[in-house]
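Enquirer: Starting from the structure of chain B, add chain P where the hints point.
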Amino acid sequence: MRQSIYKVFSILILSGFVACEKELPTFLEFESVQFSSVDATAGNWTPILLGSGADIAIPAPSEVNSSAYLAELSALETAIGQKTKADQQAIDYWMDSPVVRWNEIALELIAKYNIIPGPNADGTYTLPNPNTPDGPPAFPFSHPPYASRVLAYLSVAQFDGLISAWHHKFSFNRAAPFKQSANIQYNFQDNNIPSYPSEGAVVAAVSRKILSAMFPLEVDYLAEKEEEHYRSLLLSGGNVSSDIEAGKTIGNAISTLALARASGDGMSKAQAPKAVSDSIANAAFERFGWKWINLELPQRPVGLTPLFGKVQMWNVLNVEDTRPIAPPAVGSAEYLADVAILNDYADNVTEERRRIANFWQDGLGTYTPPGHWNEFAKEFIVKYKQNPIRAARTFAYLNMAMMDGGISCWDAKYYYHYPRPIQTIEGFKTIAGTPNFPSYTSGHSVFSAAGAEVLAYIFPQKANQVRDWAEEAAISRVYGGIHWTFDAYIGTDQGKDVAQYTVNRAQADGADN
Amino acid sequence: MLKLNLTITFLLFAVGLVGQTPSDAIMMESKVVCILFEYNYGQFDQYWEGPSIRENQTIATVKRNTVLPMMAVGVVKNLNLFVGLPYIKTESSDPNGGKFAGASGLQDLTVAVKYKAFEKKTARGELRVLGTVSFSTPASNYLPDYMPYSLGAGAPELAYRAIGQYTFNSGFYVRGAGTYLWKGYAKAEREYYYNNGSFYTSWMDVPNAITAEGIFGKKFLDGSLQVELNYLKTQSLSGDDIRAYNSPQPTNKVNMDRVGISAHYYFPKIEGLGIGLYHHSVINGRNAPKISTSGIGLTYFFNYLKRESL
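Protein chains in written order, with our numbering: chain B, 57 to 569; chain P, 268 to 577.
Next comes chain B alone, as it looks inside the complex:
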């Protein structure tokens, strides 16, 4: 009897919890929809790097009644007939919004490589080196500035590539294979977008090339993803192989252009040597009477990317135009008031403040704050049914604004060289990790405000929400104990200011007409 009670008891408990086993989401699932627009004239929008959508030439497609096209169609019918279960899974994964998936892949690689190099046994640090990417430490360390740059180049190249694609799509007007053959069923909603060149192929080619340059150890993985994407484009019934080939031509051309800009934008010099880093710190000390120092053990000799503030911006001509006012002097009344606030937060970690500090932390090993804002953008893109070129446009302006914000923020960080709370408050402890760069202004604040302003422009129905989020992201760093309140508030203003340059450009690109 007792044995059976025992059994019943344990079976009840076990079944209760086994029932709780759940699939955890590793990508965003969404439905194929009628996009909110087709944007047949998007080929006339002003691109970022190209002069116009017509700049990249592709051959005229073969006529739909030509033997060449009919052979492609018949090859596609055969391939679809032999579609495997794995093929169908790939189609269902890639869906008909290529920008969304490649953005997720970018975020995943950012999180994978957002690992700060640790000290060697002798207390020195080795920096990741693009010439020997295997390391250790592996190249890159995809910290927030690096991440913002990855996302900016990726999204800008996708956007320009799709402007070119839209230009040719609506010039040649070749309808998709599922409209040419009764034997081909399209896996997605018909959005009446001509299929030559394939927008999916443009995005796959661009993304593979840009991300391979940014994450050299992932070349094979990215090539595999690219191939899987092309295959799913074919087997979905949306493209024939000449659609794909033309898309690749565009993708390769625009990514070459984007990577040429990247190679000369100053990023390779951003991680300054110690002598330069010391002279920057000493210049600040002469000017203000303070300088930030790294308190890690062993001490890191150089802060993170002291010269990121010199990297070429997208939409701001001179970074100093966006430099904020000086922070309160260390020891001043305003500074002391902040010390009191920080001590109070540290002594009284409420559930709410802890939640906010952690929600926005986006620290090491994660997709960083720019990644978090890409995540919000992705959700809005899906929710508001943006077509691929609209989605690319959202990401392009979002990520240009955030990278510009990061550059402006880093300019301020190393110009003012302001200490972190743990440096100047005796015995201070934090619930977030203190980063390896000066305090003023807060990177989270600037990235978030810049991102929020672009999203508020593109999704005005979300304007209040995203601006509230940006303010919460900013104050989260104060709750975490790693920033002063003025780092957050002034950083938020700085982010808004920088973003305005990008929003102005967006308003003039022709998409609002």
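Check the hints yourself; a few may be wrong.
Below, computed lysine to aspartate or glutamate pairings styled on EDC-like, alpha-carbon distance capped at 20 Å [said to hold, decoys possible]:
#1 B:LYS485 <-> B:GLU407
#2 B:LYS439 <-> P:ASP361
#3 P:LYS557 <-> P:ASP361
#4 P:LYS454 <-> B:GLU79
#5 P:LYS356 <-> P:GLU386
#6 P:LYS356 <-> B:ASP403
#7 P:LYS557 <-> P:GLU358
#8 B:LYS330 <-> B:GLU342
#9 B:LYS235 <-> B:GLU133
#10 B:LYS366 <-> B:GLU352
#11 B:LYS139 <-> B:ASP377
#12 P:LYS356 <-> B:GLU407
#13 P:LYS454 <-> P:ASP472
#14 P:LYS520 <-> B:GLU390
#15 B:LYS366 <-> B:ASP377
#16 B:LYS441 <-> B:GLU431
#17 P:LYS454 <-> B:ASP148
#18 B:LYS141 <-> B:GLU284
#19 B:LYS281 <-> B:GLU160
#20 B:LYS485 <-> P:GLU358
#21 B:LYS485 <-> P:ASP472
#22 P:LYS454 <-> B:GLU284
#23 P:LYS520 <-> P:ASP472
#24 B:LYS441 <-> B:ASP190
#25 B:LYS366 <-> B:ASP334
#26 P:LYS383 <-> P:GLU296
#27 P:LYS387 <-> P:ASP312
Partial list, computed: chain B residues near chain P (C-beta under 10 Å) [what the hints assert, rightly or not]:
#28 PRO81
#29 ASP178
#30 PRO189
#31 PRO192
#32 PHE195
#33 GLY345
#34 GLY489
Because the hints were derived from the structure by calculation, they are not lab data. Even for Gly, the Cβ is constructed at its ideal location relative to N, Cα and C.
Expert: Same frame as chain B, but now just chain P:
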């Protein structure tokens, strides 16, 4: 930083004090209650990041203080019930490079049932087989995603344990136990994490685990002193490695081998009162702290229906 969560349950119940825990072979008579009050202190300054041991001045030496009140009740013949709830405080030694605040608070409430399934006396001794089912769940809102200062795994856990002990007439005994631990999901305060790929959720799957224990002990002084040497092996059934110089997280695979010694003494002149001491050290592991823990506890038995039963 380091994952400690798996250790906790074991500090709690597996090879803590000798006597009246869900993992030993002692069976209390029905209507007997045992109260345990334990304090233990553990610390480590090295841990395994994946398979490699390392130091990390960001966290320096991590210190962990635990106060554990527990109660065991002999409900009916052959069935004991256990309830325990530890209070834990964690922090790093000074100086350290991270300047992180430690954590403190109530950890997990554990309820366990132990059942004696089989007992046989032979000419040379006695064989016992017991089974334990225990369930634990966080008793406060501590943050599991704050390693190595997290108080615990932050996930519900269900453990099934089988115990076999052979006691020789000489007072020597050997005991073996095996456990299967089902672990639920820990909730982080972030919506994204990396676990060999992206996860867009705040739920973290804490790997299930198995353990194996071997104990060799002897009773002295007519059984009032009991001394044990113990070995515990813990193995996660899935999970990822801590990434280089990165914080651990609840999804990590945690393996360890631990050895320990413990002693328990019942005061002959004060009926029902006992004192226990133990020390154990993790000697090998994967994504585990190389932690050494020492504990002291007082146990007190009484018969809650004494008057009636007399």
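Enquirer: With reference to the structure, classify each hint as holding or not holding.
Expert: We went through each hint and held it up to the structure:
For the suggested pair LYS485 (chain B) and GLU407 (chain B), the alpha carbons sit about 17 Å apart, so the restraint of at most 20 Å is met. For the hint pairing LYS439 (chain B) with ASP361 (chain P), the CA-to-CA distance comes to about 50 Å; that exceeds 20 Å, so the pair is violated. With a CA separation close to 19 Å, the supplied pair LYS557 (chain P) and ASP361 (chain P) stays within the 20 Å bound. Of the supplied pair hints, the one linking LYS454 (chain P) and GLU79 (chain B) holds, its CA atoms being roughly 15 Å apart against a limit of 20 Å.
In summary, the hint linking LYS356 (chain P) to GLU386 (chain P) is not supported, as the alpha carbons are separated by about 41 Å, beyond the 20 Å threshold. Simply put, LYS356 (chain P) and ASP403 (chain B) have alpha-carbon atoms about 16 Å apart, close enough for the 20 Å limit, and the pair holds. Straight-line distance between C-alpha atoms of LYS557 (chain P) and GLU358 (chain P) comes to about 16 Å, which keeps the hinted pair within the 20 Å bound. A C-alpha spacing of about 18 Å is found between LYS330 (chain B) and GLU342 (chain B), which places the hinted pair at or below 20 Å, so the restraint holds.
With a C-alpha separation of about 13 Å, the suggested pair LYS235 (chain B) and GLU133 (chain B) falls inside the 20 Å cut-off, and the hint holds. With a C-alpha separation of about 26 Å, the suggested pairing of LYS366 (chain B) with GLU352 (chain B) is violated against the 20 Å cut-off. Pair hint LYS139 (chain B) plus ASP377 (chain B) does not hold up; C-alpha atoms about 57 Å apart against a cutoff of 20 Å. As the CA atoms of LYS356 (chain P) and GLU407 (chain B) are separated by approximately 18 Å, the hinted pair is consistent with the 20 Å bound.
Using a Cα cut-off of 20 Å, the hinted pair LYS454 (chain P) and ASP472 (chain P) holds, with the two alpha carbons roughly 9 Å apart. A distance of roughly 48 Å separates the Cα atoms of LYS520 (chain P) and GLU390 (chain B); the hinted pair therefore is violated under the 20 Å criterion. Proposed proximity of LYS366 (chain B) and ASP377 (chain B) is supported: the alpha carbons are some 13 Å apart, at most 20 Å. A hinted pair counts as satisfied when its Cα atoms are at most 20 Å apart, and LYS441 (chain B) with GLU431 (chain B) qualifies at roughly 15 Å.
Taking the CA atoms of LYS454 (chain P) and ASP148 (chain B), the gap is about 29 Å. The hint is violated against a cut of 20 Å. Between LYS141 (chain B) and GLU284 (chain B), the direct Cα distance comes to roughly 13 Å. Compliance with the 20 Å bound is thereby established for this hinted pair. The hinted pair formed by LYS281 (chain B) and GLU160 (chain B) meets the criterion: a straight-line CA distance of about 12 Å does not exceed 20 Å. Taking the CA atoms of LYS485 (chain B) and GLU358 (chain P), the gap is about 11 Å. The hint holds against a cut of 20 Å.
A C-alpha spacing of about 30 Å is found between LYS485 (chain B) and ASP472 (chain P), which places the hinted pair above 20 Å, so the restraint is violated. For a cut-off of 20 Å, the pair hint linking LYS454 (chain P) to GLU284 (chain B) is broken: about 34 Å separates their Cα positions. Note on LYS520 (chain P) and ASP472 (chain P): the hinted pairing holds, with a Cα-Cα distance of about 11 Å set against a maximum of 20 Å. A distance of roughly 40 Å separates the Cα atoms of LYS441 (chain B) and ASP190 (chain B); the hinted pair therefore is violated under the 20 Å criterion.
The hinted pair formed by LYS366 (chain B) and ASP334 (chain B) meets the criterion: a straight-line CA distance of about 17 Å does not exceed 20 Å. As the CA atoms of LYS383 (chain P) and GLU296 (chain P) are separated by approximately 11 Å, the hinted pair is consistent with the 20 Å bound. Restraint check for LYS387 (chain P) and ASP312 (chain P): the C-alpha separation of about 46 Å exceeds 20 Å, so the hint is violated. The interface hint given for PRO81 (chain B) is met, as the beta carbon of that residue sits about 5 Å from the closest beta carbon of chain P, less than 10 Å.
The interface hint given for ASP178 (chain B) is broken, as the beta carbon of that residue sits about 13 Å from the closest beta carbon of chain P, more than 10 Å. The criterion of a C-beta within 10 Å of any C-beta in chain P is not met by PRO189 (chain B), whose closest approach is roughly 15 Å, and the hint is violated. A least Cβ separation of about 7 Å between PRO192 (chain B) and chain P falls short of the 10 Å threshold, and the interface hint therefore holds. Interface hint status for PHE195 (chain B): violated, as the beta-carbon distance to the closest one in chain P is roughly 13 Å, over 10 Å.
Taking 10 Å as the C-beta cut-off, the interface hint given for GLY345 (chain B) is violated, the closest approach to chain P being about 24 Å. The beta carbon of GLY489 (chain B) is positioned within 10 Å of a beta carbon in chain P (closest approach about 7 Å), and the interface hint is therefore held.
Checked against the numbered hints given earlier, the structure breaks hints 2, 5, 10, 11, 14, 17, 21, 22, 24, 27, 29, 30, 32 and 33 and satisfies all the rest.
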